[in-house]
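Going line by line, the protein sequences match chains A and B. Throughout, my numbering is defined as the position within the first sequence, counted from one, plus 1214. Throughout, my numbering is defined as the position within the second sequence, counted from one, plus 837.
None of these hints come from the bench; they were simulated from the model. Here the structure is a predicted model, which is why all the values come from computation and not from measurement. Be careful, since some hints might not be right.
Once the Cα atoms are required to be at most 25 Å apart in a straight line, the calculated SDA-like pairs of lysine to any residue come out as [to be verified]:
#, chain 1, residue 1, chain 2, residue 2
1, A, Lys-1316, B, Lys-996
2, A, Lys-1349, B, Arg-973
3, B, Lys-982, A, Leu-1415
4, A, Lys-1349, B, Glu-958
5, B, Lys-996, B, Gly-1031
6, A, Lys-1349, B, Gln-967
7, B, Lys-982, A, Ser-1370
8, A, Lys-1316, B, Gln-967
9, A, Lys-1395, A, Lys-1451
10, B, Lys-1047, A, Lys-1349
11, A, Lys-1395, B, Thr-961
12, A, Lys-1316, B, Gly-955
13, A, Lys-1349, B, Gln-956
14, A, Lys-1228, A, Gly-1284
15, B, Lys-1047, A, Gly-1291
16, A, Lys-1368, B, Arg-1051
17, A, Lys-1309, B, Lys-1047
Residues from chain A that face chain B, not an exhaustive set, calculated with beta carbons under 10 Å [stated by the list, open to error]:
#, residue
18, Glu-1257
19, Asn-1326
20, Arg-1388
Every residue gets a Cβ at the ideal spot worked out from N, C-alpha and C, and that includes glycine.
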Amino acid sequence: MSTPESTLPPAKDKSFIHFDDVCKQYGDLTVLDDLCIDIDAGEKVTLIGPSGSGKTTILRLLMTLETLSGGYIWVDGKPLWHQQKGDRLVPADQKHLREMRKQIGMVFQHFNLFPNMTVLQNLIEAPIRSLGRPKEQAIARARELLDSVGLAEKESAHPNQLSGGQQQRVAIARALAMDPKILLLDEVTSALDPELIAGVLGVLRELAETTDITMLIVTHEMHFARDVSDRVMMFDKGKIVEQGPPSQIFDDPEHNRTKNFLSAVLSAG
Amino acid sequence: MKWDMDFALEILPDILEAFLRYTLVITSLATLLAAVLGMVFAVIRYVRIPVLTQVTTGFVQFTRATPIPIQLFFVYYLLPDYGLTIGAVTTGVLVLGVHYACYFAEVYRGGIESIPPGQWEACTALSLPQQAVWRRVVLPQAVRKILPSLGNYVISMFKEVPFLVFISVPEMVTVARGIGGSNFRYVEPLTICGIIYLLSSYPASVAMRKLETRLEHA
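Using the sequences plus the hints, can you model the full thing?
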């Protein structure tokens, strides 16, 4: 599906990440429906809601892993999926997408580390080849990051020699090695054994507290969401049901849909 | 017919020389060509470049559907009529290499398709340039999975080198037939060829299996 062409929407002050009437369809199935979201730089936002509600699609659209069916996404004042041509916005070419992606990092549910490389190679590959960093500098930064996720001694291991939790911490370090302004976390603990979850969440808590990276988090870990988020968005059927600070959403939700979802998730957890 | 040991020992050096100088060298060069060209075919078919992809697909189907001896005849005896003369050994390497490149391409394609979508997504998320995606992530992983099939094709190509008798390349079986013809004794030269083939194919398949296990654990 190609990105629709259209005239430039009226200029306005856009927040750091701005979704403008974003639609996503797969065939007849509408996943996101005229969605508008504004996220400030440095904000930590958690997306919650039942599966199929479109949370992951939002992250995948931002990472350009899915194509947009309609609307606009703006990142740091620039359209993600479009390029300005005169006063019109036309679908972006690969070069534009590649440039835009460099500010965005993503951590996946199933880690997706490169199994043919060591841990250290996983971390330096993209900084060297995509950002053109000198090798020594990339290695130094990679070691620093591995140390910060508690895996300094694993740099020559291959991913299959690590536990799921360790692999996920490597994947977080790998995303950070690109120095992204935005970090997308897609159910990063869902594939982990319960005893390994705490280590990964610990790393992310630290990250949320000590950096000004803008974070979008899709998770079912409600305690974690409450601790790290500035804002929680409750999704259902491709729309935002309600949003607000964690205390409001978790302690005093307005909508029945949110109440039911939270009681279901919390009783299951 | 009785086995004549003295005759066998007398002709052994010539047959061995033909094996080392031609059969082995041609197999190695054709393998190299098939490995590289097959990769090019596979990538062209995978990334879907208009026209080029269709032409490549057609060429691959055509080559796989026609026998090697006929391809040899065409290149060696008919191309000179169109002003293109290629030496016999070069023709052998080219035809075997291109023929097997078409099989290699299919194997590579299977290998590429076996790469989980998550690996491609990780490459996108890290903004890896297209060339690095292929060279550093996709192909190294694909090669591990397809090594057994490639090995089998190389061994089968090795055993098809005697087809080059049709264009008079002095490889092992051609030399053996020549010796047989001039001495009216075929048993010894052809038996020696069979034994040499057996002694080299078997260790090759064992080595292949070893390499496979090593790569699996790497």
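Each hint tested on the structure:
| no. | hint | verdict |
| --- | --- | --- |
| 1 | A/Lys-1316 to B/Lys-996 | violated (51 Å) |
| 2 | A/Lys-1349 to B/Arg-973 | holds (16 Å) |
| 3 | B/Lys-982 to A/Leu-1415 | violated (35 Å) |
| 4 | A/Lys-1349 to B/Glu-958 | holds (24 Å) |
| 5 | B/Lys-996 to B/Gly-1031 | holds (10 Å) |
| 6 | A/Lys-1349 to B/Gln-967 | holds (20 Å) |
| 7 | B/Lys-982 to A/Ser-1370 | holds (23 Å) |
| 8 | A/Lys-1316 to B/Gln-967 | holds (14 Å) |
| 9 | A/Lys-1395 to A/Lys-1451 | violated (29 Å) |
| 10 | B/Lys-1047 to A/Lys-1349 | violated (34 Å) |
| 11 | A/Lys-1395 to B/Thr-961 | holds (16 Å) |
| 12 | A/Lys-1316 to B/Gly-955 | holds (18 Å) |
| 13 | A/Lys-1349 to B/Gln-956 | holds (23 Å) |
| 14 | A/Lys-1228 to A/Gly-1284 | holds (18 Å) |
| 15 | B/Lys-1047 to A/Gly-1291 | violated (56 Å) |
| 16 | A/Lys-1368 to B/Arg-1051 | holds (21 Å) |
| 17 | A/Lys-1309 to B/Lys-1047 | violated (44 Å) |
| 18 | Glu-1257 | violated (20 Å) |
| 19 | Asn-1326 | holds (4 Å) |
| 20 | Arg-1388 | holds (7 Å) |
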